[in-house]
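*Asks:* The chain contents come next:
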Amino acid sequence: EVQLVESGGGLVQPGGSLRLSCAASGFAFSDYGMNWVRQAPGKGLEWISYISSSSKTIYYADSVKGRLTISRDNAKNSLYLQMNSLRDEDTAVYYCASQTLYSFGPLDYWGQGSLVTVSS
Amino acid sequence: QSVLTQPPSVSGAPGQRVTISCTGGSSNNGAGYDVHWYQQLPGAAPKLLIYGNNIRTSGVPDRFSGSRSGTSASLVISGLQAEDEADYYCQSSDFSLSGSEVVFGGGTKLTVL
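Same order as they appear, the protein sequences are chains R and G. Residue numbers for the first sequence follow our numbering, so the first one is 1 and each next one is one higher. Residue numbers for the second sequence follow our numbering, so the first one is 1001 and each next one is one higher.
By construction, these hints were calculated from the structure, which means they are not laboratory data. Treat each hint with caution, since some may be false.
To be verified - Reference listing, derived: stretches of chain G covered by chain R, where coverage requires no fewer than 3 residues with Cβ under 8 Å from a Cβ of chain R:
no.: 1; stretch: 1045 to 1052
no.: 2; stretch: 1086 to 1095
no.: 3; stretch: 1103 to 1113
Stated by the list, open to error - Pair by pair, the computed Cβ-Cβ distance ranges are:
no.: 4; chain 1: R; residue 1: 30; chain 2: G; residue 2: 1076; range: 33 to 41 Å
no.: 5; chain 1: G; residue 1: 1079; chain 2: R; residue 2: 120; range: 46 to 54 Å
no.: 6; chain 1: G; residue 1: 1111; chain 2: R; residue 2: 41; range: 17 to 25 Å
no.: 7; chain 1: R; residue 1: 25; chain 2: G; residue 2: 1042; range: 22 to 30 Å
Ideal placement from N, C-alpha and C gives every residue a C-beta, glycine not left out.
Kindly generate the complete structure, drawing on both the sequences and the hints.
*Replies:* Right under this line is the structure:
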């Protein structure tokens, strides 16, 4: 059974930093691209970043470029999101999601999400 | 503002059929890239419902169907049931000079009357 479990969320002050983790199991993590998607309270889904299986290809949404960094450790079956210079508008539930069906395909498995609250 | 446009809400009575549209531009689903649909029940993570425009994921009832034509895609739910009440999102890929992005529609809230 595929499982994606996010951790690391919490309350952080504006300008602060936080690192999210996503532990993957039940599939060949090192073979597939991974994504982070966030959802602000009461709002829709916003894709924020993608990393290829080898980490050679990385994309970011314009809204987070320069502040958020995606990375992965295939030996640990883990995905990460380093968030710096956090703003109020970064408050959201952050989901990790896999793309195992085909390249640039659907986000087929999702974690349960990790809530990040940016507030003073 | 989302790259893909969905109606904010739709509603229908049990047993009825509803359609949720998803309209994109020339750089995403209008360029021929696949459209995928997700269902998000209240308080839960999104779940992939349909991918590749019209392929249901395992366990999804055949009451759910998807289609795409030109710059538009649609999700049709037939024989509406109370448990279908959820938010639905379409998703495609957007290839621009800066690379490839995943793009979502703004979401459609389905209310079962």
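*Asks:* The structure should be examined with respect to each hint, and the outcome stated for every one.
*Replies:* Evaluation of the provided hints:
With a cut-off of 8 Å between beta carbons, the stretch 1045 to 1052 of chain G has 6 residues touching chain R; three or more are needed, and the interface restraint holds. Coverage of the stretch 1086 to 1095 of chain G by chain R holds [criterion: at least 3 residues with CB-CB distance below 8 Å; count 4]. Note: the stretch 1103 to 1113 of chain G has 5 residues with beta-carbon separation from chain R under 8 Å; the three-residue rule is met and the coverage holds. Judged by the Cβ atoms, the range 33 to 41 Å given for residue 30 of chain R and residue 1076 of chain G holds: they are separated by roughly 38 Å.
Roughly 50 Å separates the CB atoms of residue 1079 of chain G and residue 120 of chain R, a value that falls within the hinted 46 to 54 Å. Taking 17 to 25 Å as the suggested C-beta distance range, the pair residue 1111 of chain G and residue 41 of chain R conforms, at roughly 20 Å. Roughly 27 Å separates the CB atoms of residue 25 of chain R and residue 1042 of chain G, a value that falls within the hinted 22 to 30 Å.
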